[in-house]
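**Q** Chain by chain, the residues run as shown.
There are 2 protein chains.
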Amino acid sequence: MEPALIVTVDIVLFTLSDGQLKIVLLRRELDPYAQQLALPGGYIHPEEDRDSLAAAERVLRQKTGLVSPYLEQLFTFSGGVRDPRGWSASIAYYALVHESVLQPDAEHRFELLAVDGLPDLPFDHNRIVAHASQRLRDKSTYSSLPCHLLPGQFTLTELQHTYEQVLGISLDKSVFRRKLGELDFLEAIPNAMRSGKHRPAQLYKLRDDARLALFNKTV
Amino acid sequence: MEPALIVTVDIVLFTLSDGQLKIVLLRRELDPYAQQLALPGGYIHPEEDRDSLAAAERVLRQKTGLVSPYLEQLFTFSGGVRDPRGWSASIAYYALVHESVLQPDAEHRFELLAVDGLPDLPFDHNRIVAHASQRLRDKSTYSSLPCHLLPGQFTLTELQHTYEQVLGISLDKSVFRRKLGELDFLEAIPNAMRSGKHRPAQLYKLRDDARLALFNKTV
Chain A
1 MEPALIVTVD IVLFTLSDGQ LKIVLLRREL DPYAQQLALP GGYIHPEEDR DSLAAAERVL
61 RQKTGLVSPY LEQLFTFSGG VRDPRGWSAS IAYYALVHES VLQPDAEHRF ELLAVDGLPD
121 LPFDHNRIVA HASQRLRDKS TYSSLPCHLL PGQFTLTELQ HTYEQVLGIS LDKSVFRRKL
181 GELDFLEAIP NAMRSGKHRP AQLYKLRDDA RLALFNKTV
Chain B
1 MEPALIVTVD IVLFTLSDGQ LKIVLLRREL DPYAQQLALP GGYIHPEEDR DSLAAAERVL
61 RQKTGLVSPY LEQLFTFSGG VRDPRGWSAS IAYYALVHES VLQPDAEHRF ELLAVDGLPD
121 LPFDHNRIVA HASQRLRDKS TYSSLPCHLL PGQFTLTELQ HTYEQVLGIS LDKSVFRRKL
181 GELDFLEAIP NAMRSGKHRP AQLYKLRDDA RLALFNKTV
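Chains as they are written, first to last, in full-length UniProt numbering: chain A, 1 to 219; chain B, 1 to 219.
Extracted from the complex, chain A is given alone in its bound form (with noise of 0.2 Å):
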């Protein structure tokens, strides 16, 4: 039998708040770091969880009280160095809500800061939040995965607008259109339109929360 590791899960839950990519960050209450801001995280319990994304879903709804409908597993990271108490396994995943999910109770309390420009976090957590930013962005250029930034409803405006965020560029109007109906992962909602101080604008949703729908990207 090889001596014991410590096997953890840590998730980086992002949002999009004043027009900035952030995450949330929680208040360690145990050492080692106590007092420190750093991800969610915590052990994975062999007698209550039945895989790791298991344990991540219960790890995020005990320290944050959300429950977040697209969790993808994004690397693990290992080694001897990386945890004072001894050689460890992080399996990390990355989570997307709207920000109005994020409604701090008093039994659960976090931060939001933003990705760019994050104070030094315990352990290895900058390097896990650089690694899942990273993949959201790359991700994002040919995939439905900014929908989960969004509220359960939104116009095609909103839905631009929030890939043009994550990405840090302008996209297209009508390209971007053309992209999104050779996907076909949107459902118009019948006779849910948002109106405004312009015209009335229809509203959609995903057509599936657990599908990700992926561009074409060929050779």
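For the record, the hints were derived by calculation from the structure and aren't laboratory data.
Watch out, some of these pointers could steer you wrong.
Same chains, same names: a pair is fine if it fits in one copy or spans any two.
[Stated by the list, open to error] Straight line, CA to CA, 20 Å or less: simulated SDA-like cross-link-like pairs of lysine to any residue:
1. Lys63 to Leu121
2. Lys139 to Leu214
3. Lys22 to Asn126
4. Lys197 to Gln20
5. Lys63 to Gln35
6. Lys197 to His131
7. Lys63 to Leu214
8. Lys197 to Gln160
9. Lys22 to Arg211
10. Lys173 to His131
11. Lys179 to Ala34
Given the structure of chain A, go ahead and fit chain B onto it with the hints provided.
**A** This is chain B only, laid out in the frame that chain A set:
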């Protein structure tokens, strides 16, 4: 302290042989599943392995005698039912080598089996292989990844043929060469030509074995 978990690495080592995508399988010496063919894998040794990548390199070297220049973390497979010994996490990697590298010696014996049509493998190794094959094929549509299935020196025709075998499609020669030109990850070897029944063809090598060049993909 939480109960000990089993933490291993497993490696899906791909090659192209007889026009088919194949993987390296080893006959297990010990229980569980003694004598059955399975992926090369083993426990992480916290005293010895800097991180899980180092563990994967060590396991590959010890079990097959091979060093793969391209070794990438795939996914961590985990849970209470995948290994009869208890709750386990396997940090899976995949690697690519040219067939000529796979020369078993007296100490290292392995078998090459086609990915399509594998027998039932122990643990969740069929699932790991399926995941790795999907990743390899997806990533080959937009990157230089298939180059690692070639020997150190190759012609552009051999490179195109390798992409076609991995992807299972025919590629247009001029489109393929234009895309290669955009990426600039190949280096012509001065005065090195392949002669044969056709006119001599220039030989190329990768500029940098470690770097994965990506084709342009945008929203």
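**Q** If you check each hint against the structure, which ones fail?
**A** 4, 6, 7, 9, 10 and 11
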